[in-house]
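Construct the complete structure from the given sequences, taking the supplied hints into account.
Residue numbers (our numbering), protein chains in the order written: chain A, 183 to 670; chain B, 183 to 670.
There could be a bad hint or two in this list.
Intra- or inter-copy, both count: the list cannot distinguish identical chains.
What the hints assert, rightly or not - No more than 27 Å apart at the CA atoms, straight line, and that leaves these computed lysine-lysine pairs for DSS-like:
no., residue 1, residue 2
1, Lys419, Lys627
2, Lys595, Lys281
3, Lys293, Lys480
4, Lys600, Lys304
5, Lys592, Lys627
6, Lys540, Lys592
7, Lys238, Lys259
8, Lys304, Lys419
9, Lys480, Lys304
10, Lys540, Lys600
11, Lys227, Lys419
12, Lys293, Lys304
13, Lys304, Lys592
Hints were generated in silico from the structure; no laboratory data involved.
There are 2 protein chains.
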Amino acid sequence: PSPRQPVAATSAQPAPASQPERVGQHALVDRAANARLAFCERSVKGRFDIIVPTLKEVSALQHEPDFPARAQALAMKQLGHTLPADILENAWVAGLDLKSLYAYCTFAALKNSAARFAEDLKSQAESVQDAQNFFLDCGFHAVDISPCADGRLKGLMRYILRLPVTSLTRRTAYAGAMFDVESDVSHWVATELSRFREGVPTTADAGTRYLKVAVYHTSSSQPASEGCAAHGSNEHKAMEAALERLYQFRQAIENAFCCGASTDLLLIGVDTDTDAIKVHVPDADGNLSAHRFVDNAKLFRDTQGLDANAARLAVYEAVRQASQASGWGAGNGEPHDGMRRLIINLLINNFSQIEYVKEQYNGRYPDLGHAERYVSVGDGIEEVQMRNVAYYAHLNTVEEGAADLDVGVKIFKGLNVKRGLPIPVAIHYRYDHRVPGSRERAVAKAQRVRAAIQARYAALHASGMLACHLTVQDLPTGSPIEDVEGER
Amino acid sequence: PSPRQPVAATSAQPAPASQPERVGQHALVDRAANARLAFCERSVKGRFDIIVPTLKEVSALQHEPDFPARAQALAMKQLGHTLPADILENAWVAGLDLKSLYAYCTFAALKNSAARFAEDLKSQAESVQDAQNFFLDCGFHAVDISPCADGRLKGLMRYILRLPVTSLTRRTAYAGAMFDVESDVSHWVATELSRFREGVPTTADAGTRYLKVAVYHTSSSQPASEGCAAHGSNEHKAMEAALERLYQFRQAIENAFCCGASTDLLLIGVDTDTDAIKVHVPDADGNLSAHRFVDNAKLFRDTQGLDANAARLAVYEAVRQASQASGWGAGNGEPHDGMRRLIINLLINNFSQIEYVKEQYNGRYPDLGHAERYVSVGDGIEEVQMRNVAYYAHLNTVEEGAADLDVGVKIFKGLNVKRGLPIPVAIHYRYDHRVPGSRERAVAKAQRVRAAIQARYAALHASGMLACHLTVQDLPTGSPIEDVEGER
Ligand SMILES: [Zn+2]
Ligand SMILES: [Zn+2]
Ligand SMILES: [Zn+2]
Ligand SMILES: [Zn+2]
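The following block contains the structure:
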């Protein structure tokens with residue numbers, strides 16, 4: 183069997199016979215995928231983490247003869263790209279501008295990582311198709327996921343849930359998973375219209391549903407300090423708030439459009455120490471409960487050492503049992519068949535990630551808290567999906583997103599400014615080439631947001647500790663990332 | 183014949199036989215409507231204009247015995263409402279707080295005017311139905327109009343075009359008529375979905391169209407200084423910019439949705455000195471030209487003294503002749519029949535407004551420039567439709583709308599601050615009661631915008647020269663305007 187990406191559509195199939203099931207190891211884990219993801223994580227984070235050591239070496243060379251050439255050779259060797267020639271050549275006058283070099287290298291690492299992810303996405307065409315078919319089989323024509331913007335959930339799709347980016351999936355992150363109901367209703371409307379007009383991805387009478395997923399998070403080892411900052415590290419609050427927003431979304435659609443406007447809701451919790459998920463199981467009416475869920479960390483332990491079939495059966499059974507919860511978590515029966523299959527696949531996919539964290543980090547990330555490499559502002563670069571790479575503030579204006587941004591700047595004062603390094607702020611907006619003037623407006627928006635950031639953090643900006651970089655990108659996933667200006 | 187509101191659907195019908203057609207007067211003018219509108223304008227502007235004289239009288243009384251009671255009696259008599267008791271009672275300590283009283287009275291006048299307009303709208307139910315039927319007869323299931331935000335166009339619908347507010351019409355104003363293509367495409371999408379799902383207002387296969395109208399403006403007597411500020415008072419620039427935006431809108435829809443996504447475009451110019459319009463006549467392909475239009479000021483003169491039938495015939499003929507323009511304005515034939523009927527009705531409706539300005543202002547407004555009574559921020563109070571009542575900045579954040587707002591504040595520094603009066607800023611947002619949490623979010627948005635305005639104009643705010651008032655309103659036209667807090 184060829185090593186394939188693990189996708190929702192296929193991960194529930196029997197493990198390839200050639201892989202021996204080792205005792206104590208988990209039969210449903212996709213080891214080939216884990217190896218590939220580990221390589222990817224090392225190479226991406228490596229790109230960022232080699233910057234400071236390399237610049238230290240470059241700095242040490244700055245009074246050597248032939249400095250620019252030697253610096254370039256070193257940079258090519260360690261970073262894979264050259265450095266801006268003028269900075270190197272001007273070093274003899276006022277010393278080497280290391281802050282600018284640092285910002286330049288960080289944005290180069292970001293760009294290279296994004297390109298790498300985009301390449302990767304192209305090679306996943308087959309599994310993307312599988313995943314789409316799987317969603318449609320489960321009765322979903324759209325899967326709209328809103329996690330918290332926390333950098334520790336940046337790997338949600340690719341690592342934690344192992345879902346490829348497809349045209350059916352949409353991901354928008356907000357602090358505390360407090361997604362924008364109005365904007366989501368707009369997306370629902372556009373999705374429905376495309377079904378009515380074009381029968382894409384399903385015809386209007388197909389009886390498929392729009393699935394809205396909210397993802398909150400907690401920290402199992404330090405729940406009171408390393409949980410969701412937007413909810414004061416209170417897991418119950420984070421969960422209830424996400425639940426309330428989900429119901430608001432459903433209610434908005436039911437109120438504004440007549441009957442038949444059927445949406446499904448799903449709530450998922452992530453333990454950011456271990457990446458193990460909790461899936462809240464909807465009942466037959468589509469209602470959720472904070473107290474009715476499958477705890478995948480426990481399920482992983484319970485199914486370790488079982489053969490693949492027994493393990494899979496145990497997952498089915500766990501979902502069934504959750505549906506029979508009594509007391510606080512009691513609901514009205516089991517969810518529809520497609521929803522059950524989706525949940526089962528998410529749980530099994532997440533087994534691989536639990537194993538991944540065990541293998542790579544001994545079961546618990548060493549960076550429980552923040553260790554982001556840059557601040558991502560705007561639409562975010564969706565191709566870069568990895569834990570703790572970016573602190574992400576989804577915003578159209580600083581005025582609306584100031585609270586999120588302040589948190590990010592505070593984090594990076596600790597991470598960077600106190601080491602004398604500037605805060606790299608990647609401002610990124612998507613445009614739609616089909617809409618005339620859309621690119622120009624995206625560029626203008628990026629420039630406006632930069633000006634607002636520089637005004638809000640004027641002291642940092644004045645001291646050169648705020649390095650903004652502007653990019654735009656066409657809508658289709660994997661489109662090239664376009665530098666708006668040669669900023670460094 | 184009963185005196186009815188002039189509506190697009192009926193104004194092309196024969197004038198009532200009981201109205202003698204006086205020589206030199208225009209046979210197609212609706213004199214009853216003009217009288218009603220004049221009364222409305224006097225009473226609304228009177229409400230604002232009586233404030234300063236009344237407060238001067240109140241001020242003169244402040245050292246009299248029994249001052250609060252006498253002031254209240256005076257206010258009731260002249261303003262129709264009382265004044266805040268605590269301000270009157272505290273006057274003996276530090277003098278009467280006239281800035282607060284002025285702001286209080288201005289917002290009271292605004293609220294009373296809006297209520298009056300809302301009442302008026304309810305009494306127009308019949309003409310609203312007529313207008314809807316007329317639009318549908320012309321083949322339009324939606325009429326989306328974007329004028330410039332200039333206060334002199336605030337009476338566009340009710341006065342200049344004589345169109346009642348209907349569920350088919352939508353009006354969003356932007357500086358320079360530079361409307362938001364993305365937001366308009368969203369509205370188009372929602373409109374289409376409602377046709378597909380519910381057959382409202384027409385079924386998807388009805389072959390009706392979505393009409394997008396842009397309205398620019400100029401000043402015939404001082405074109406180089408009193409035209410559209412957003413386009414440097416250059417009429418040609420204003421026109422071309424609006425035209426480009428219209429084409430962008432059409433292109434966006436044609437690109438994003440397959441064939442059949444038919445939209446019609448219309449471009450209208452207004453001379454804000456006389457309220458006479460120019461209507462740019464689309465050709466058979468729906469294309470427009472800056473140089474192909476009917477000049478209604480000229481048409482009004484040419485048709486004066488004709489009997490109603492002859493005048494109506496002349497209007498038909500003017501539209502036909504415009505379609506046959508050669509040279510720069512050449513197009514490919516005449517527009518479809520429904521479009522032609524719509525244009526003819528707009529021209530005839532506007533005759534009444536040209537006559538109105540002749541009667542009331544001797545053919546040319548005395549306030550060629552700005553004489554607004556308050557700054558309207560946010561969604562605007564759509565019920566208040568009258569020239570030069572408000573300077574309107576449509577914005578969701580000060581960050582995006584700063585340029586528009588700066589212009590408004592500059593205007594009011596001239597109008598108010600130099601007389602020692604604060605700038606009344608009415609911050610108003612609509613919510614949708616069908617969307618849970620929508621009202622709370624609208625209130626929060628209004629509060630955020632107020633904070634941003636107070637921060638941007640900190641000196642004015644500190645000196646009490648910025649009086650913000652927060653209101654929200656449910657979506658349906660005529661819904662009550664809700665004070666968010668007891669601000670004065
Ligand atoms: Zn969070
Ligand atoms: Zn609870
Ligand atoms: Zn203008
Ligand atoms: Zn031209």
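Evaluation of the provided hints:
no., hint, verdict
1, Lys419 - Lys627, "between (34 Å within a copy, 23 Å between copies)"
2, Lys595 - Lys281, "within (14 Å within a copy, 44 Å between copies)"
3, Lys293 - Lys480, "neither (39 Å within a copy, 61 Å between copies)"
4, Lys600 - Lys304, "neither (40 Å within a copy, 64 Å between copies)"
5, Lys592 - Lys627, "both (24 Å within a copy, 25 Å between copies)"
6, Lys540 - Lys592, "neither (31 Å within a copy, 63 Å between copies)"
7, Lys238 - Lys259, "within (15 Å within a copy, 80 Å between copies)"
8, Lys304 - Lys419, "neither (39 Å within a copy, 45 Å between copies)"
9, Lys480 - Lys304, "neither (35 Å within a copy, 63 Å between copies)"
10, Lys540 - Lys600, "neither (32 Å within a copy, 71 Å between copies)"
11, Lys227 - Lys419, "neither (32 Å within a copy, 51 Å between copies)"
12, Lys293 - Lys304, "within (17 Å within a copy, 58 Å between copies)"
13, Lys304 - Lys592, "neither (36 Å within a copy, 54 Å between copies)"
The earlier numbered hints that this structure contradicts are 3, 4, 6, 8, 9, 10, 11 and 13.
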